[in-house]
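Please put together the full structure from these sequences, using the hints given.
The sequence shown begins at 1 in full-length UniProt numbering and counts up one residue at a time.
Hints are computed from structural coordinates only; laboratory data are not their basis. All C-beta atoms in this analysis are idealised placements derived from N, C-alpha and C, irrespective of residue type, glycine included. Everything hinted at is true.
So the derived label-pair ranges between C-beta atoms look like this:
id, residue 1, residue 2, range
1, K111, P69, 30 to 40 Å
2, E84, N19, 24 to 34 Å
3, L16, R43, 10 to 20 Å
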Amino acid sequence: MGLGKTIQTIAFLAHLKGNGLDGPYLVIAPLSTLSNWLNEMERFVPSINAIIYHGDKKHRDEIRMKHMPRTTGPNFPIVITSYEIAMSDARKFLRHYSWKYLVVDEGHRLKNSKCKLIKELKLLPIENKLLLT
1 MGLGKTIQTI AFLAHLKGNG LDGPYLVIAP LSTLSNWLNE MERFVPSINA
51 IIYHGDKKHR DEIRMKHMPR TTGPNFPIVI TSYEIAMSDA RKFLRHYSWK
101 YLVVDEGHRL KNSKCKLIKE LKLLPIENKL LLT
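Printed below as a string of structure tokens:
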């Protein structure tokens with residue numbers, strides 16, 4: 001904690017986007033840190049579009065309709081969500097995207113290969129993974 005992992009990760013994602021690797025990118029973090037992730041992105045790389053994907057089912061439906069088109073490209077936002085929403089929406093929605101990078105904050109939550117979060121994340125097409133501990 002307090003080692004700058006969030007800022008370093010944001011800089012890394014900005015570097016990738018700046019070099020033409022548009023994503024999409026998915027950040028999964030504890031619920032209590034979602035707003036911090038978004039605030040830090042807005043503070044350090046305001047040119048990059050990022051959204052918090054959280055809330056009740058209706059609110060998430062609205063987020064997907066407004067901000068997460070089926071086709072990705074340079075304007076597709078970095079999606080920041082919680083473990084719980086990632087688990088509940090992996091099968092139905094998140095698996096429809098070919099994620100370039102998955103970032104899992106507090107990666108020690110992935111304790112073993114049998115935990116529910118890992119089982120759900122394995123359903124997602126992901127090229128690269130970054131675990132922060």
